[in-house]
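Visitor: If you want the building blocks of each chain, they are given just below.
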Amino acid sequence: MRTLANIGHLGVKELRSLSRDPTMLILVVYAFTLAIYSGATAMPETLNRAPIAIIDYDRSQLSARITDAFYLPYFTEPSLIGEAEMDRRMDEGIDTFALSIPPDFERDVLAGNAPAVQLNVDATRISQGFTGAGYVQSIVSGIVTDFVEGHRSVDDLSVDLTLRSRFNPTLDKSWFGGIMEIIDNVTMLSIILTGAALIREREHGTVEHLLVMPLTPFEIMISKVWSMGLVVLVATAFALLVMVQGLLAVPIEGSIPLFLAGAALHLFATTSMGIFLATVARSMPRFGLLLILTLLPLQMLSGGNTPRESMPEFIQTIMLAAPTTHFVSLAQAILYRGAGLSVVWPQFLALIAIGGVLFALALVRFRSTISAMA
Amino acid sequence: MSEAAAQEAGVPVVARLRNVGLHYRRAEALADVTLDIEARRMVGFIGPDGVGKSSLFSLVAGARKVQTGSVEVLGGDMRDAAHRQTACPRIAYMPQGLGKNLYATLSVAENIDFFARLFGHDRAERRRRIADLTTSTGLAPFVDRPAGKLSGGMKQKLGLCCALVHDPDLLILDEPTTGVDPLSRRQFWELIDRIRASRPAMSVIVATAYMEEAARFDHLVAMDAGRILAEGTPAALLERTGTTSLEAAFVELLPQEQRLGYEGVTIPPQPDGADGDIAIEAEGLTKRFGDFTAVDHVSFRIRRGEIFGFLGSNGCGKTTTMKMLTGLLSVSEGRALLFGQEIDPDDLRTRRRVGYMSQAFSLYGELTVRQNLELHARLFHLPLEEREGRIAEMIERFDLADVTGSLPEALPLGHRQRLSLAVAMIHAPELLILDEPTSGVDPVARDAFWRILAELSRRDRVTIFISTHFMNEAERCDRISLMHNGKVLVTGEPAALVTERGVERLEDAFIAWLDEASTAPQAPAVATPTPAAVETSATEGVAQTQLRRYFDPRRMLSYSNREALELRRDPIRLTLALLGSVILMLVMGYGISLDVEGLTFAVLDRDQTTTSRDYSYAISGSRYFLEKPPLTSYAELDQRMRDGDISLAIEIPPGFARDVARGSDISVAAWIDGAMPTRAETISGYVQGMHAHWLEAKAREAGNADALSGLVTIETRYLYNPDVKSIIAIVPAVIPVLLMLIPSMLAALSVVREKELGSIVNFYVTPTTRLEFLVGKQIPYVVLSTLSFLTLLVLAVFVLGVPFSGSVLTITLAAIIYVTSSTAIGLLISTFMKSQIAALFGTSILSMLPAVSFSGMIDPVSSLEGIGRVIGEIYPTSYFLTISRGAFSKGLGLADLWPSFLPLLVAIPVILGAAVLALAKQDR
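For the protein sequence lines, the chains are U and C, in the order given. Just so you know, we're using our numbering here: the first sequence kicks off at 1 and counts up by one. Just so you know, we're using our numbering here: the second sequence kicks off at 1 and counts up by one.
Same shape as in the complex, but just chain C (with noise of 0.2 Å):
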């Protein structure tokens, strides 16, 4: 083993930090961190959100780059490429956020044998693998559930299940447990003491914002702002900072400036007396989205002043409830009654007497601190003269003097949620509904912000409906319900509900309830615990060091096979795939005709002989002009043509006749409307066209058709397209426009959509390799573009008639080869793109222009100059347009054509090739 070195030094340690640092563009993630993180053991990361562990753990998962001082995990340094091509298959890294690394389209059973596939497993194995983790984390009932519609501790064991497949020496959990109700956080690391059992060499390293929780872990690391607090068993550190609790320890442990302020949160007793009003009352409260019951006949009353807490895991209900309470919602069934009065979405009136601060502390980032506090007074109407005097209340109030001008974005969390409170409460509200308020803020801030709630129920009368999943707030609260599956369980106060369980924590009374509401609908949960299983597995594996190629076909079908399954369940990009370019064939075809045709003239004749009226019967005789009633005067043309009456006006002098016959000179006039340029040349030459072949009927009928028929004669052949119609020319270019952009665009958003959601990070710790990576997200968009190919020729050749000469096999190859040259510059596009909306906008314009300006659609190739010039001779459009025009109207073969297709054969290894330097294995 590698580690012999570190076992050497008497602990063996599964990783080693010395000095790292990690910047995010100005901010400091990490700062100057050293740390040596023991094998074999729990490790558990304490600390709020944003200090850093998560970056810590990407770094220790090989997920991000190390930027400054050195990680060394299992034995090497993570910096190596070839270490982290051995490490990778040993660690299993399940980043922060429910199901962030999953596919939630995707069933359990698919993400599963996605990630087995990765790891090479065949199929026999991956089908006893998904068995025995199933079963073993009581999942095994929902195999064919999409993962997006899971609770939240069923993503996490899925998680679980995911990072399990390949038997990890070292697993990585972020947050696993946040958001996820007890009885589920409990089952969780049941399992995980399970499989630690079962495997003890695994080394297991955990963050959680959850402090009751880390007192189960073998040893812990507290971490404030980028640099770590303490480190020690939880025993340890208690003594150390001699309290009870490892929150209280670790406020302790926070340097003293932040601590500045701090006291303990003590809520005087509700006055006596209260009892007689009602602030909220549901009864039977029930919403259905579909066939799904998102809360099922909720009753309770709230009377005025009173802490009431909501607790429940995510998805339980809890926002359902509370946005049905605002108005937010509208209620499927029951009632609910504010202060007597039954809700009414559309009564603006109670909207006045409630505020609401929703998760997230939603605000305007793009308004300051005072701008956002005077649109929300300005918005429920405070008088002028109040309105100052308010805001100024509030900012003293909630402490934001310092920040009135800043950007809610730049505060940090605490602030942020302050002013979230005190934008709710602008209007003086005599109920306040708040969603989840405290999530992620720092314990010091959390308590802040629970003394200012005691202070607006006790001596405002306030009434606080508050949603929450920490233990410790719920025992604040007069009383809570605690809600499951969209069921209220129990209400009371929370330390008869304590006493009622016969057990000595609220979490504990919590989890009973959870136990016997979930013993009837749920799965045998981990009933039966099957740690047989999890061995068996982990014995069995497969050798990992086949599995050190660098392409791997099986890896890559793992990837089309994932892509083509999220695709079908699209319907928004599956459309576009589809039908897109069938759309946008019609519209181009037909929107970007050149042919004139219909044009209106009106003749003003002077003359009024058999003659003039001869020379008009040869305008209107044309298919392309449509005759008006006559004109009489300029001021008539003029007026005419204004109104866009006319396009055309055709003045015959007085004594044309006559002119003719004697053979004077003469002049016709013809008046065209320049307001479309492109449209009055093409009519100025169909005029001219008309006036030379009336001239020469002319001359025939007085025989001297020798005299006027000139000294050559140039006779024209257009090729190809005798009839000159734009649509024929027009829609052989306009496939290879559309092939180029949709495909590129639908293979862009591929890989820009993983990094948005997260689920990139699969990437970066699988030891799949870049090119597996794009060629297996490529292949499922090369088939869907080669379908929307097949269906663009059959609506050229059968619904816009256009004749097709040539060979539809050279055509159709030559498509396969090009939409995979257009997908490879969708995928390298995508390399440098961030986020879906710019890769969008980014590929459209990167594609469409080369593809409509320099690749010969309108002007061929050659007679472009400069960069276009450039541009088109290597861009793959122009040879497949040349490729497409010759089978289309010049009916050419493979023979004919096969030059063409050099350079698009050319083009496919060098865009990928680009696109698999550019791709970054990991993140920056």
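In isolation and in its complexed conformation, chain U is listed as follows (with noise of 0.2 Å):
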């Protein structure tokens, strides 16, 4: 009862320190609305002003169309170069695609030769190049295409392959950026809030004050984790009901309060990792510098950036200790998919696990350190 109560005040104590503190206030606001909406929308498209460049052995008519079929913003104008340019502009990264037409390509294309045209891509700009490559394709077949047409009648194929997109028909970005964002946030936040207030408070000295009081290590910690997390949960929730839902308009399949209660799990274990950090770097630049270690690859290799299937094995294995791992795949399960506990519940648990664990791991850390801390 009287640990209750301890734990109570104490948490009120670091809500009203939190209060006061407006670089964390503008940190935790601005995470959970400016830093959604651009992550939201930010996304690049697929294809932006790509720089291509044409050598253009056949000067016809064909020719001309396919050069002027690329425009912004999708391509930039096309640059008429010659062979020789060619290879030192690629080399200087000037171009990412370099489209060649062959001498005679309008007789031969009328022909039914079926002529090659040959395209150049710069592969060391993966995305760009990979994605602009199957458009520089359908373009030019298009425009070829269309102009054959005008000429004689051209036979179709047969079978067709119908592409559908289930949970997000028109593979709309903003829904999946809004949501990623919230989940990288929810880990940086509770981590920056747990171990700043405990550094704050050995900058403070007020340790000292806490340690001399009837009060165990275990009350003072768990004041910090419940306060911290629930401060991130209820910005979790406003930036779910009120960014994504409200201003992005993402519609959202599943449950969101069995998404925060999973999120309620992650944050004790987050939480509890910033004490941990907190302890091992006694004093805020370190403590900063212990954070860009430990965040990056906790939010790099959780499976949100890129799928968990394209890592190394020993990186999934890995990985799969990091509680990031677990809630990003239970929050894309259920806010994606509209998955139920019955299909999240695995996550849950080693969330459990993970996160007690971890806070085992924070007291012991937090107990024999905390009285070299005062």
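The reader is advised that the hints may include incorrect statements.
Unchecked claim - Pair ranges (Cβ atoms, derived): (1) U:S19 <-> C:A914: 32 to 42 Å; (2) U:A5 <-> C:G21: 49 to 59 Å; (3) C:P630 <-> U:V357: 52 to 62 Å; (4) U:L25 <-> C:D80: 39 to 49 Å; (5) U:P251 <-> C:G685: 19 to 29 Å; (6) U:Q137 <-> C:T575: 41 to 51 Å.
As the list claims (entries may be wrong) - Residues from chain U shown here face chain C by an in silico Cβ test under 10 Å; the list is partial: (7) G134; (8) R286; (9) M300.
Don't read these hints as lab results, they were simulated from the structure. The structure presented is a predicted model; accordingly, all values stated were derived computationally and were not measured. C-beta: ideal position from N, C-alpha, C; glycine also.
Relying on the hints, combine the two individually framed chains into one complex.
Guide: What follows is the structure in structure tokens.
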């Protein structure tokens, strides 16, 4: 009973402290409003102003039509160059694409000889190169087909492939970007807020105060966990309801309470991690350095940025120990695919286990270092 | 001499202040100060913390910019940069705070060496001076000890060595003895006297909070609230105020309203018959940290209601002993009893009987005065009905009624001190442990505080265990213990201690005991006074004119050398520098991968013919896809996709084989999990490719390849990366990003760290130019980052398996130039930042965003528009990225890549130049 009351009072104190820390408040507000909005809307369109050069040996009506078919915003205006310049320009990284149209191209097309045009792609620019190559191919065949249809009829392919996307029919990236931003910010803020709360106490010398009072390290630690976790959870709910569903008008398939329950479990793990890092770092600058080394792997390898399947096996295995992996996977299942508890229970269990271990580790570390911190 | 003019006026003047004012934001530090400081004298400034002494000193030293009025030092105007450049080498400035301008991880010799290099002494000269100075200050046996591990007195002596290394004409000492034990204090002043004797031309100005000390100065200036109260010789001040001690004289000099309610402290004698009751008992109490013994077999007994004083210098073990008594620290050996019970850190009940007030009045700055009291009342579980009454009582008793709604930080020190005590008293403890509760507080507030203590002890019978380094406070205690180097030297009533040693004052008694204790382990402290040594160093100084150059490589290397030493001794920064980029490279190499492999799919085959199975083989045969058990219904399809079991489902309609054979129109459906749009796009690309491939194969089988082969063939050649593998494209782009992020961050921290720790003042007051300072600091990071680049290169080629086809020499050369520019960016950012944490986040945002988004890592710069394009065109990362990709994947060398080198080379002087312009040579 006393313990509960202590945890309550200390937590309220944490909330009061936070309410007077303008830097942290701005960070929280920014992370759950503007950051989400820009995360959702700033996802680059697939192809934008891709630089292309054309080597036109044919100089026919058809080759001119092809040249005219590349325009903004997908491609830059094509530079007409000679064969000799191509290599240099590609080497210097001026062009991503170089399309070479052979001599007598128009004549061969009309004769049905199926002449070859050569498309050189700078594959060190992998995303632009890969998607752009598809665009170039379809633009060229489209122009050629139209051109030929003006002269004779063309056979169609008999078997169609109909592509349908589930859960996000138009593959709108803002759906994805907004929610991933929330997930990343939940992790980042929970670690920063709890870590900073502990370091602030250390720097102000108030840890000593707490320790000479009838309080246990467990009470001190859990009060930070609950209060900072609550702040992030409330901010997450706000971001999801107001920013994502409201402003960005992203349809959410699954149950928001279920997601928030998962987020609460995740916060239990990450706030414990924040405490742990703060005991290792002991000062704000060192905490910042540690944060860079831990937060980036946690976020980038969680499966949120790129699918887990494409990572090497050992990284997939290591990342099973990270709470973010399970949180990302349950968040995607619930929010995008509308999965219920029957689907995501393994992630819930994993988060409980990881959170428990992290909390225990942090508590042991907190107990053994807190007197040295004072 | 330039003082000639001053001399004509009669009195030689070393510094002349006219109507000097100084503001920090809204706070006024100095208000219209007009003062002449006589040369060749020892002039003392007295007054409590925060009255403007330090501000005045920093103006005289040239460390701070003159805001209003004029400050003339050594015959020239300190607003004039050219004069400062000539005057700085003649001024030595020791700022406030123990070892504030020293480098904690550097040894004694390295610290002195650094300063000596700044003033251009050569190696032999430096060695001689270090030997001279350390012998004359008694530091010789400790030359290899890190400055951070010296005692307070030794730190101050080292500070003095560093200040004297260039034979100054004006020595500015800001509270050099605060927190230092009386013996070291006395030794320090003797040292100063000897130096003055050997160099009579030198002027000394000193600030002190110890009024006893001030009596030895030639001339005193008493300050309060940014104003000068009075000046004159000590005797004149005493005479003017009609008092016998300088402390009393100072109080007399204060304006009337501040003295309101001031009365002397008289502590009634302890009531008799209290002896039987022991509040604290310590027996052989010992605390070890590793092989360092902080508290060494300390024993004492304190009776209930007694005021027991603990005296000693900073770091002698007072605080550690107190922490053991409160249960904050565990006991290594021996035992301590509180009210007859052994202290058990886990026993929360004893904590209710103890109140603790730590050094520096730690309070929750974000909570108001009332909230602070309420929080503590709640945490001590005062019953609800008592709580309000108790808080009201505390507010009344400690005179806080006017400020209940204010935040502690907005209060004067004296109020904060009372609030701290109120907080410690909220639960009516029987024992109060107060750790230096009066440091820095003005005499009036200090006496008021002592009156409260007297009342608590005598009326409420609260036992008070207090530590202090003020002798007049020690005299008020019932009994005191003198502590030194972790040991209690003696315990007894103050008066008895004085008689025991047969001296006049408690301070002398203390010094006598310290002397006795120090002779054995301590070095021949000042036993070998070698004024001769000091003198020789004084006369044989190098000509200082040669130092007026704008760029002196020796001074620059002095900074490089020091920065490198410090970095080597800071494990977290060093790890970040060397391992940080490796870790992040692995993370990004795998984390930004755009390859899609091992995608799960299942088939809903409604045809179940050889042709339909053939179609699904076309997909399952690919390395991208992994087949899962077939689907039987739409419901299952939906469910399994929802579960995340499959990310692609292929639906083959009934009659598929028949329709294909007939050539009639038919459609296969592919359902893709769209939860991750980029992945979905890649999947759809793969499926389309596979579909087309299958059709072509079918057509060829049927012998009508021509019909399907289309009108035109597009041969796509993926240059430089034929397999279109992410890692080959990503890694050469990640290297430039990492070599921007981490070097800039390290460089930014290096300057801001000095600002935060206070050692930046060495840059302000020495002849170091801005360029020397910045480039000097930059060099170690350029070397380190080049090493880091080579590690990344090896990692990329041998661990991540990225083929390297170009010239290693070219890319290495480019990398060296590039990290020079990225560290310069860090330095530029750091000139604007005030705290390390701001520098850290500021640099990561300012360097990451342009490097990742605008430099061609994902989309080439030519695809960008607007501001992003402009940044991309001028940002160094864009050019190093081109070089990196060229050297890694395109097999290029210097002959092909030189156009990208030019902008990199131009960037360095531009960025460094901007940093030089933005860096202030004085504190604002």
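Visitor: Does each hint hold? Answer for all of them.
Guide: Each hint, compared with the structure:
no.: 1; hint: U:S19 <-> C:A914: 32 to 42 Å; result: holds (39 Å)
no.: 2; hint: U:A5 <-> C:G21: 49 to 59 Å; result: holds (52 Å)
no.: 3; hint: C:P630 <-> U:V357: 52 to 62 Å; result: violated (39 Å)
no.: 4; hint: U:L25 <-> C:D80: 39 to 49 Å; result: holds (45 Å)
no.: 5; hint: U:P251 <-> C:G685: 19 to 29 Å; result: holds (25 Å)
no.: 6; hint: U:Q137 <-> C:T575: 41 to 51 Å; result: holds (48 Å)
no.: 7; hint: G134; result: holds (6 Å)
no.: 8; hint: R286; result: holds (5 Å)
no.: 9; hint: M300; result: holds (3 Å)
Of the numbered hints listed earlier, the single one contradicted by the structure is hint 3.
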